[in-house]
Amino acid sequence: EDQVTQSPEALRLQEGESSSLNCSYTVSGLRGLFWYRQDPGKGPEFLFTLYSAGEEKEKERLKATLTKKESFLHITAPKPEDSATYLCAVQRGGYNKLIFGAGTRLAVHP
Amino acid sequence: GAVVSQHPSWVICKSGTSVKIECRSLDFQATTMFWYRQFPKQSLMLMATSNEGSKATYEQGVEKDKFLINHASLTLSTLTVTSAHPEDSSFYICSARALGDVNQPQHFGDGTRLSIL
Numbered sequence: 039e040d041q042v043t044q045s046p047e048a049l050r051l052q053e054g055e056s057s058s059l060n061c062s063y064t065v066s067g068l069r070g071l072f073w074y075r076q077d078p079g080k081g082p083e084f085l086f087t088l089y090s091a092g093e094e095k096e097k098e099r100l101k102a103t104l105t106k107k108e109s110f111l112h113i114t115a116p117k118p119e120d121s122a123t124y125l126c127a128v129q130r131g132g133y134n135k136l137i138f139g140a141g142t143r144l145a146v147h148p
Numbered sequence: 025g026a027v028v029s030q031h032p033s034w035v036i037c038k039s040g041t042s043v044k045i046e047c048r049s050l051d052f053q054a055t056t057m058f059w060y061r062q063f064p065k066q067s068l069m070l071m072a073t074s075n076e077g078s079k080a081t082y083e084q085g086v087e088k089d090k091f092l093i094n095h096a097s098l099t100l101s102t103l104t105v106t107s108a109h110p111e112d113s114s115f116y117i118c119s120a121r122a123l124g125d126v127n128q129p130q131h132f133g134d135g136t137r138l139s140i141l
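Line by line, the protein sequences give chains A and B.
With our numbering applied, the first sequence covers 39 to 148.
With our numbering applied, the second sequence covers 25 to 141.
Same shape as in the complex, but just chain A:
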């Protein structure tokens, strides 16, 4: 059964304190792994898609990496505006739908 597990459940950082969020997955024939950011009361905002092990993508202070078993979202020198829930999702080859993890709630304090 396809499964996505995110850790930690919640993370509190000081502004400028870099860290990483983890997304472990089991899926038969990964087509893509997706990272989203969700602010309270809003829908998820697309960040990255990763397709194969070894792939990396960057956007401002965020960098996503992928192995055969997990993905990391690295946050470098975070700012308070990076506070949000970060969601990881996988898509199996031949299927339309995404399987989401429970998310990591990130709080960055000044």
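These are calculated hints, taken from the structure and not from any lab test.
All clues given are correct.
Below, computed lysine-lysine pairings styled on PhoX-like, alpha-carbon distance capped at 20 Å: (1) Lys90(B) - Lys38(B); (2) Lys107(A) - Lys95(A); (3) Lys44(B) - Lys79(B); (4) Lys79(B) - Lys90(B); (5) Lys101(A) - Lys117(A); (6) Lys88(B) - Lys135(A); (7) Lys65(B) - Lys80(A); (8) Lys135(A) - Lys79(B); (9) Lys80(A) - Lys44(B); (10) Lys106(A) - Lys95(A); (11) Lys44(B) - Lys90(B); (12) Lys117(A) - Lys97(A).
Incomplete in silico selection of chain B near chain A, CB under 10 Å: (13) Ala26; (14) Val28; (15) Gln66; (16) Ser67; (17) Leu68; (18) Leu70; (19) Ile117; (20) Ser119; (21) Gln128; (22) Pro129; (23) His131; (24) Phe132; (25) Gly133; (26) Arg137.
Quick reminder that beta carbons are idealized off the backbone N, C-alpha and C, glycines included.
Let chain A serve as the given structure and place chain B on it in line with the hints.
Chain B alone, transformed into the frame defined by chain A:
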């Protein structure tokens, strides 16, 4: 680009009322749209996949007669919660994927908060 608009953003209504939620892709065409439900501090649970011009595919445990989905065009899908009851209160979110490439990400609307009294 890739903007998805969802309307209304919140609804409060009496038990027994039917509620319709619209999901529109504003700047792209979407063959497939998805409807999710999200409980507080939990992740998104897929309810159904909506395909333009055909019947929606519902996930196990989702009542198709309760949650009616119509995807009449490449830019509009609707979810109707029929005879809503307090247990249907939740945050409903739609997403859309651009036409043609299944590797494209899903883009999400801002959700509809439904409260049934």
